[in-house]
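From first to last, the protein sequence lines are chains A and B.
Going by the working numbering, the first sequence opens with residue 1, and the numbers climb by one from there.
Going by the working numbering, the second sequence opens with residue 1, and the numbers climb by one from there.
Everything labelled a hint here was simulated from the structure, so no lab data went into it.
Certain hints may be false.
[Unchecked claim] Cβ-Cβ distance ranges computed for the label pairs, FRET-style:
1) A/Ala193 <-> B/Asp79: 44 to 52 Å
2) B/Pro81 <-> A/Leu87: 40 to 48 Å
3) A/Arg50 <-> B/Arg153: 53 to 61 Å
4) B/Leu62 <-> A/Arg45: 32 to 40 Å
5) A/Thr152 <-> B/Asp200: 29 to 37 Å
6) B/Leu5 <-> A/Val66: 36 to 44 Å
7) A/Glu65 <-> B/Leu62: 45 to 53 Å
8) B/Asp200 <-> A/His97: 43 to 51 Å
Don't be surprised by glycine CBs; every beta carbon is placed ideally from N, CA and C.
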Amino acid sequence: MNASRRSERRLGWLLCAPAVAALLLVTAYPILYAGWLSLFRYDLRFPGERVFIGLENYASILSSEVWWRALGNTLIITVGSVAVELLLGFALALFMHRTLVARRAVRATLLIPYAIITVVAALAWKFAFDPVTGFVNGLLGLDTAWLTQRWTAFFVIIFTEIWKTTPFMALLLLAGLTLVPTDVLQAARVDGAGAWRRLFGITLPLMKSTLMVALLFRSLDAFRIFDTVYVQTRGAQHTGTVSILGYNTLITRLNLGLGSAVAVLIFLCVLLIALLIIRGFGAPLFARREQP
Amino acid sequence: MLYALTPVAWILSLSLKRAADLGDRRFLPRSLSLEHYRAIIADAQFPAALWNSIGIAAIATLLSVTLGMLAAYAIVRLDFPGRRWILAGALATAMFPPVAIVGPLFNLWRTLGLFDTWPGLILPYMTFTLPLAIWVLSAYFREIPWELDKAARIDGATPFQAFIRIIVPLAAPGVFTAAILVFIFAWNDFLFAAALTSTDRARTVPAAIAFFTGSSRFELPTQAIAAASVVVTVPVMAVVLVFQRRIIAGLTAGAVKG
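Take the sequences, apply the hints, and build the full model.
Shown next as structure tokens:
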């Protein structure tokens, strides 16, 4: 290896070092620290009583109804919102791909939900569904207190999530659609394949990796849901998610040991979901991404 | 159009309704009033939160984009072992659940005296946006005509000089895009802001709005919240609409082109 290659190598590491250091310091180190804390009985209200208890925190979480309900709620919200977003987002993407007329305007409006702070969006919909100040009941001729019952509260939460993130889904899928070669679609049309055949036979298989990336990003994002639920119900009416549970245990009740165990479990869930989606699609994610 | 604009129009309408009309269940206000805007500006909480939000998001953006730029340049341009690992690691971090580190950070920040301070929020924002910055910037850097860079190096410039003089001006649009996306992330965050701050010293707008308490303990100050929401939403929305092309390119660059 000559001197210039060696110096290039050194420069490469030097330039990446600050970013890597920051990533390790603020994500890797805390999660390891959380793993360590989760092995203790450690409550900040009684800081003197820090006792090593092994996996006892995990045992008490996994045997508690609260954790499983929170996990169930999170999955309901994740599956509910991602499924609708995928369909709606794909329809929007197809629409934007076809029309050339209003494309700019449609794309501009799609970015509006993205530009709004999640807390603000959640509050806007909360006030809209509110029986006293809202307009939804007036519009539908109903008299429902949406956020005080479990399933209607889920509806409002999922609705807000869908409103906020479908545009992102649509834009990702649109980017994938433009990669599908038009000559293949033309050839299929000449051969007499109908619109649905072309969609399921050509477009969707060719978009496999885009679909996977979109699904992966949105599922993991939805699984972490915190802002919307916190603002709309604070987890009341049994709508709390795992993030709410983690936050409450750690920050509200200051139980660092138990809370850290919840944090580690959430981390493992995210890892599991990511692996399931990647394996389910069987697409070589990293290989694809690194080829420029 | 209707889909995207309904809540925006709704919150605007709420903020402009007179307090007496709040319960009229109508979408549009009967008569306009700026009383709630005057109220939030006179309130001590909101201007402080706005200043915190702007300052924290701006500094976090500057740091994140600077570090991301250095790393992305190295990943695209230099041949060194481990660069793929950095990209993959960045991607993995992007999927990291923030709630998993809120507790340890809370504990650490209290020990280090960073709790409820600007750096206490800037650090996590900078880190959580680094993957985004690195991905967007490396996607842009791949498109740059690198011959210019080579030419500069043949003329005797060091790789570092070539970076500053030639690449930075060419990469400016990409850098700008990354900056907007990072800024929006930091501007939007609620979890860290709620967990790592406790007073007006560092509390940002999303947390301030969520914890906003009016004069009466039993009544949510709906319209003050609405007015505050409009104030923080409109500027960001304007920026996003002006630069929509770039933002869309940036949002999808990492995911599809990459």
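Cross-check of the supplied hints:
{"no.": "1", "hint": "A/Ala193 <-> B/Asp79: 44 to 52 Å", "in the structure": "holds, 46 Å"}
{"no.": "2", "hint": "B/Pro81 <-> A/Leu87: 40 to 48 Å", "in the structure": "holds, 43 Å"}
{"no.": "3", "hint": "A/Arg50 <-> B/Arg153: 53 to 61 Å", "in the structure": "holds, 57 Å"}
{"no.": "4", "hint": "B/Leu62 <-> A/Arg45: 32 to 40 Å", "in the structure": "holds, 38 Å"}
{"no.": "5", "hint": "A/Thr152 <-> B/Asp200: 29 to 37 Å", "in the structure": "holds, 36 Å"}
{"no.": "6", "hint": "B/Leu5 <-> A/Val66: 36 to 44 Å", "in the structure": "holds, 39 Å"}
{"no.": "7", "hint": "A/Glu65 <-> B/Leu62: 45 to 53 Å", "in the structure": "holds, 46 Å"}
{"no.": "8", "hint": "B/Asp200 <-> A/His97: 43 to 51 Å", "in the structure": "holds, 48 Å"}
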